[in-house]
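Colleague: Sequence:
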Amino acid sequence: MQSLLQVLLPLIVGALLTLAAKEFPRAQDRNRERARQLLAAAHAFRHAGEQWLDLRLTAHSTPSTAELRLCHEDLGWQLEHVISRHPCWRWPRRLLEHLQEGPLGPGLTSGWTRLRPEERRARHAETHRALDEFVRHTARLAARMEHPLLSRREMRSEPVWTRPPQG
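Heads up: the sequence shown runs through residues 1 to 167, numbered per UniProt numbering.
Don't read these hints as lab results, they were simulated from the structure. Treat the hints with caution; some may be incorrect.
Per label pair, the in silico range of CB-to-CB distance [unchecked claim]:
1) L5 - R152: 33 to 39 angstroms
2) R121 - R153: 40 to 46 angstroms
3) E154 - E97: 14 to 20 angstroms
4) R32 - S84: 40 to 46 angstroms
5) R114 - E146: 21 to 27 angstroms
6) E80 - W112: 25 to 31 angstroms
7) R153 - E126: 28 to 34 angstroms
Glycine residues also receive a C-beta, built at the ideal position from the N, C-alpha and C atoms.
The task is simple: from the sequences and hints, build the whole structure.
Modeller: Below is the structure:
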C-alpha cells in the first residue's frame with residue numbers, strides 16, 4: 001500500500017501541476033479577450049455618441065439613433081457579463097448605472113430641440129466630457145479584468161468617481 005502511495009502521489013501532484021500550468025495561460029487569454037471586448041464596446045459607444053452629438057449640434061433635424069442604441073445595448077451587455085463573472089465588484093455595477101442613467105442614459109438623445117444654440121453647445125461639451133470619462137473608467141476596469149485576483153480589493157471598493165465630496 002505504501003509503495004502504491006509512493007508511486008501515485010508524485011504522479012497525481014505532477015498531473016495537477018501540468019493541468020494548472022496549461023489552464024492558467026488559457027484563463028489569462030480569456031480574461032484578456034473579455035477585457036478587449038469590453039474596451040472595444042466602450043470605444044464604439046463613444047464613437048457613435050460623438051457622431052450623434054456632432055450631427056445634433058450642426059443638423060437642423062434629429063439624426064438617427066439606431067447605431068447609438070446598438071452600441072449602448074452592446075456595452076450594457078458587456079458590463080452585465082462582467083458583473084456576472086465578478087458579482088462582488090462594484091466598479092462594473094456603477095459603470096452600468098452611469099450608462100443607464102444620467103447624461104449617457106435615455107437623456108442622451110432627448111430634450112435637444114427645445115435648447116437655444118448656446119445651451120446646445122454647452123450640453124454638447126458636457127456630454128462629450130461624460131463620454132470620455134466613462135471610457136476612461138471602463139478602460140481601467142478592462143485593465144483590471146486581465147488580472148482579477150490582483151484587482152479584487154480595488155474593484156470591490158466604491159469607485160472614487162461615484163463618492164459624494166467630503167465636506
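Colleague: Hint by hint, where does the structure go against what was stated? Just the numbers, ascending.
Modeller: 4 and 5
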